[in-house]
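> Based on the sequences and whatever the hints tell you, model everything.
Going letter by letter, the sequence shown gives residues 1 to 600 in my numbering.
A portion of the hints provided could be inaccurate.
[To be verified] Taking lysine to aspartate or glutamate and the EDC-like style, the derived pairs with C-alpha atoms no more than 16 Å apart in a straight line are: (1) 425 - 91; (2) 425 - 410; (3) 472 - 460.
Everything labelled a hint here was simulated from the structure, so no lab data went into it.
Bear in mind that the values here come from a model prediction, so they are computed numbers and not experimental data.
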Amino acid sequence: MAPYRKRQFGKKTSSFILTMMMLSMAFTVISMPSAAAADGDGDGIDDALDDCEFASGNSTVDYIGCPDDDGDGVPNFIGQQLGDWGATQRELYHSGGDSRAVAWSHDGRYIAGAGGPNVNLYWAGGHISTLYTISENVRGLAFSPNGSYLAVGGYEEDNWAVPRGWMVVLEMDWATQSATVLQNLSHLHIGDVPSVAWSSDGLFLYTGAEDEIRQFSVNDNWVMTMNYSYQNGNVWALDVSPDDRLVAGISGGGQLVVYWAANGTQYMTHSDHSTTHALALRFSPDGRWLVSGGNDNDMHIYNVSNKSWEVEIDGGSDVYGLSFDPSGEYFVIARGGSSSTRIYLVDNWTQVASFGSFGTSNNNRGLRAVDWSPDGSAIAFAQRRGRITTHLLPESYMQVHGDWTANVLEDPWRSTWPAAGQMLKYFNTTAYDATNYVCQNDGSMAALTEGHYPIWVNRDPDFSTNGRLDCKISNRSIIEVPIGHIAGAFAVKAGSDTQTCIETLGGGLSIAQIRWIISAQSGNALQSGGEYPGIEMSSVAQNNDGDVYREWSDFHSSCPSDSIILVHQWENRSAIGMLKEQFLHRARWSAPSGLIHQEN
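Structure representation (structure tokens):
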């Protein structure tokens, strides 16, 4: 089978203009349509002209009426750069039992994950609490758009007098990171409830069960207001179009049916999967596409506006779930029998990324569910082996830029970091760059042994008491807060001629002598002063022979004539930063060639 097959592709606007041109040639005079123009998604654009008929939008460039969050006229699904998911690290890795459902909260700070019968609450870095427990395995999870509710679907409970599938609505208490049962709708569901979804306005809850989808009215005491019929068993996956007008479901036999949500009439139907389990179904955020996945390794893409089959893609393994990024330009799949996941580009339906390590042996390898975060910077997975995991792009972290000292403090900082959405992560950065990043308001923090880099900021007159720094490259003010002290020391070999030399000098070196050792400036320049006060060379190096080398004998005639060599680890270690801060103006610091010997 080829990676994909494609029948047609095009924009509605181009075909409409062509039709009008043909009419004008044939009849010369074009009559105005007698019927009133339709604008189903409410964005002010006639459906006949709207390239995103089932998603409200204001785009004007290339595509008309598609979602355009930044208002530049270009739809969200054009020009979005895919992050380097192959370089991402796994953060969350929690074993909680059978994992077949995962869902991000409305604000992207929390994750609900199935762990056997438990509904667990996570943040990107770990487990927080168990929200609720049913007596069967959890199969479907979905937060309401405003984050107030969490819908939970589960397998059928056979021990009840009348067997029914688990279906409860939890009300979230985010302050305590807990939940209580708001509605138990289990008595209305025969068989398993493997799929749940909300309308985007939060007014309706949809549940997939045996042979039908049910619609419940949130503001009308959760009464069932509509049902939509299917054949061949459970509706394993369902979704609602972005404008809430369509509800789509796919049943165990691979029957895909899309209904008008308001009146329950059929909009379109297809049966393209070759196996008895079709388990994945999603509308794209722009409402143009509907994608299904099944145990036949295939995905089928449908053009929603013209109700046609568009593309077949071979996923290389069972497709248990899929999720679009917020822009709608990419989607990721949960592959049931593979150790990696894949990301596809909607523009040409090709694979553009593969990453992850989700089990290695046949009985634990693969994924059961996937959900892309609302901001696009993280992806949550439910693994076949019973794990909830996350992969995060760098922009998903609270980035701490700093030197080696910040690096060694990363683990203790992370262990006490509040579970409030963003993971803390250290990034190796110079003071020069870190200060620049903070002044540019990139959302990061700087943790620097030597403090801020002065080229980017001006100190407030009361800096010593308020820590305020005014950025030169923006209108931002930043605060520098001292959080500790780090001891530093120079050492020489015990019993060596160097130790004897230092004892001759009185048992130690002065700050002025250390400045002279590590500075690239001449003795005359150091004596003249500048950023720092001048030093008296006659007391610093009273036996200086005047050459360009710093030698122990320059201090005293009894000292060896060997060159002074500073041995350290590498440039990013804190000791060098402290030397620059304490003894030199770091913005002008440079070492004489051969003075510092670096050992990794």
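> None of the hints should be skipped; say for each whether it holds.
Okay, the hints, checked on the actual structure:
The straight-line distance between the Cα atoms of residue 425 and residue 91 is roughly 11 Å, inside the 16 Å bound, and the hint therefore holds. Proximity of residue 425 to residue 410 is assessed by CA-CA distance (about 7 Å); at most 16 Å being required, the pair is judged to hold. Distance restraint check for residue 472 and residue 460: the Cα-Cα separation of roughly 12 Å lies within the 16 Å cut-off, and the hinted pair is therefore satisfied.
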